[in-house]
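Q: Here is how the chains run, residue by residue.
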Amino acid sequence: MEINGLGPGGQQPFSNSDGTIHAVVNGELYDHHRIRDEMTKLCGYKFKGGSDSEIVMALYEYYGVSFLSELRGEFALCLYDAKKQLLLAARDRSGIKPLFWTVHEGKLLLASEAKALIPFGWRPKWDVRSIIDKGWLTEERTIFKGLRKVSSSSGRA
Amino acid sequence: MCGITVVAHLAGRSKANKSAINGAAAGPKSKKRKLSNGVFGPNGPYSTSIEDQLDSSLDAIKHRGPDSHGTWISHDGHVGM
Numbered sequence: 001m002e003i004n005g006l007g008p009g010g011q012q013p014f015s016n017s018d019g020t021i022h023a024v025v026n027g028e029l030y031d032h033h034r035i036r037d038e039m040t041k042l043c044g045y046k047f048k049g050g051s052d053s054e055i056v057m058a059l060y061e062y063y064g065v066s067f068l069s070e071l072r073g074e075f076a077l078c079l080y081d082a083k084k085q086l087l088l089a090a091r092d093r094s095g096i097k098p099l100f101w102t103v104h105e106g107k108l109l110l111a112s113e114a115k116a117l118i119p120f121g122w123r124p125k126w127d128v129r130s131i132i133d134k135g136w137l138t139e140e141r142t143i144f145k146g147l148r149k150v151s152s153s154s155g156r157a
Numbered sequence: 001m002c003g004i005t006v007v008a009h010l011a012g013r014s015k016a017n018k019s020a021i022n023g024a025a026a027g028p029k030s031k032k033r034k035l036s037n038g039v040f041g042p043n044g045p046y047s048t049s050i051e052d053q054l055d056s057s058l059d060a061i062k063h064r065g066p067d068s069h070g071t072w073i074s075h076d077g078h079v080g081m
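Quick mapping for you: the protein sequence lines, in order, are chains A and B.
By our numbering, the letter at position 71 of the first sequence is numbered 71, and the numbering carries on one by one without gaps.
By our numbering, the letter at position 28 of the second sequence is numbered 28, and the numbering carries on one by one without gaps.
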C-alpha cells in the first residue's frame with residue numbers, strides 16, 4: 001500500500017542510478033524529509049520519487065551496512081548489492097513489520113508472510129518443539145519447521 | 001509496498017533446474033517440475049520460472065498492499081525481489 005511517493009518514482013523494487021543496488025521495503029520510515037535533504041547535500045543522491053522508503057538506497061550508498069542505525073520507523077527490508085554480492089535483510093527494533101526466511105532447495109527465501117514461500121516449493125510443517133516450548137514467541141523460530149523470523153532490531157547479511 | 005518477497009540462489013548449493021534459472025534471465029522457456037496435487041500440480045498456477053514464482057508469491061500477499069506490484073530479477077536469474 002503506497003502512502004508516500006504515489007507517483008511512478010515511488011515504485012518498488014528500488015534501484016540506484018547504476019543498477020547495482022536494489023531494495024524492497026515494507027513499512028514506513030520516519031523523518032524521511034530531513035534524511036532526504038541530508039543525503040542530497042552530503043552525497044548528491046538523486047531521488048527518483050517521493051517515497052519515504054527510497055532513503056534506504058541513499059543511506060546504504062553513503063553509510064554502507066551501518067546505515068541501519070540511521071533508520072527509525074516500522075519496517076522490514078531487503079537490500080541486494082550486486083557488486084559486493086551482499087543480500088541484507090533487516091527489521092525495525094520493535095518487530096512491527098514481519099519478515100520470515102528459510103533455505104529451500106538451495107535458495108534463500110524471504111517474505112512478509114509464510115504463505116508467500118509456497119510458490120517456491122516450500123511446504124509448511126508444524127514445528128512441534130517450537131510450539132511446545134514457545135520458541136516461536138521469544139526467538140527466531142516460528143510455528144513452522146525451518147522457517148525463521150529475521151530478528152527485530154537486527155540486520156542479517 | 002506492504003508485502004515483500006526475495007529469492008536468492010545460494011552458490012554451490014542450488015539444486016534448482018538450471019534451465020529454469022537461465023529461462024528467467026534469457027527468455028520465457030522453463031521446465032515444469034512435478035509437484036503435489038491441486039494448485040501445486042503441473043496444471044496449477046505455480047511454475048518454476050522465477051518470474052512466475054515471484055508473481056505468485058506476491059499474489060499470495062497482495063492483501064497487504066494491492067496498490068502496486070513490481071519485481072526485479074538479476075540478469076543471471078539468481079536473485080529476484
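The set of hints was computed from the structure by calculation and includes no laboratory data.
No residue lacks a Cβ here, since even glycine has one placed at the ideal position from N, Cα and C.
Worth double-checking, as some hints may not be accurate.
[To be verified] Subject to a maximum C-alpha distance of 27 Å in a straight line, what follows is the list of computed DSSO-like cross-link-like pairs (lysine-lysine):
| id | chain 1 | residue 1 | chain 2 | residue 2 |
| --- | --- | --- | --- | --- |
| 1 | A | 84 | A | 134 |
| 2 | A | 134 | A | 115 |
| 3 | B | 62 | A | 41 |
| 4 | A | 83 | A | 115 |
| 5 | A | 145 | B | 62 |
| 6 | B | 62 | A | 83 |
| 7 | B | 62 | A | 84 |
| 8 | A | 125 | A | 149 |
| 9 | A | 134 | A | 149 |
| 10 | A | 84 | A | 145 |
| 11 | A | 115 | A | 84 |
| 12 | B | 62 | A | 48 |
[Said to hold, decoys possible] Looking from chain B toward chain A, a few residues come up when the C-beta cut is under 8 Å (computed):
| id | residue |
| --- | --- |
| 13 | 2 |
| 14 | 6 |
| 15 | 57 |
| 16 | 70 |
| 17 | 79 |
Q: So, for every hint listed, does it hold in this structure?
A: We went through each hint and held it up to the structure:
1. Distance check on the hinted pair: residue 84/A and residue 134/A sit about 37 Å apart at the alpha-carbon level, beyond 27 Å; violated.
2. Restraint check: the Cα-Cα separation between residue 134/A and residue 115/A comes to about 21 Å, which is no more than 27 Å; the hinted pair holds.
3. Distance check on the hinted pair: residue 62/B and residue 41/A sit about 37 Å apart at the alpha-carbon level, beyond 27 Å; violated.
4. With a CA separation close to 31 Å, the supplied pair residue 83/A and residue 115/A exceeds the 27 Å bound.
5. With a CA separation close to 24 Å, the supplied pair residue 145/A and residue 62/B stays within the 27 Å bound.
6. For the hint pairing residue 62/B with residue 83/A, the CA-to-CA distance comes to about 31 Å; that exceeds 27 Å, so the pair is violated.
7. For a cut-off of 27 Å, the pair hint linking residue 62/B to residue 84/A is broken: about 31 Å separates their Cα positions.
8. A C-alpha spacing of about 16 Å is found between residue 125/A and residue 149/A, which places the hinted pair at or below 27 Å, so the restraint holds.
9. Between residue 134/A and residue 149/A, the direct Cα distance comes to roughly 14 Å. Compliance with the 27 Å bound is thereby established for this hinted pair.
10. In summary, the hint linking residue 84/A to residue 145/A is not supported, as the alpha carbons are separated by about 31 Å, beyond the 27 Å threshold.
11. Using a Cα cut-off of 27 Å, the hinted pair residue 115/A and residue 84/A is violated, with the two alpha carbons roughly 30 Å apart.
12. A hinted pair counts as satisfied when its Cα atoms are at most 27 Å apart, and residue 62/B with residue 48/A qualifies at roughly 24 Å.
13. At about 5 Å, the closest approach between the beta carbon of residue 2/B and any beta carbon in chain A falls short of 8 Å, and the interface hint on this residue holds.
14. The beta carbon of residue 6/B is positioned within 8 Å of a beta carbon in chain A (closest approach about 4 Å), and the interface hint is therefore held.
15. Taken as an interface hint, residue 57/B checks out: its beta carbon lies about 4 Å from the nearest beta carbon of chain A, inside 8 Å.
16. Checking residue 70/B against chain A by beta carbon gives a least distance of about 5 Å; that is within 8 Å, so the hint holds.
17. Hint on residue 79/B holds. Least Cβ distance to chain A is approximately 6 Å, under the 8 Å limit.
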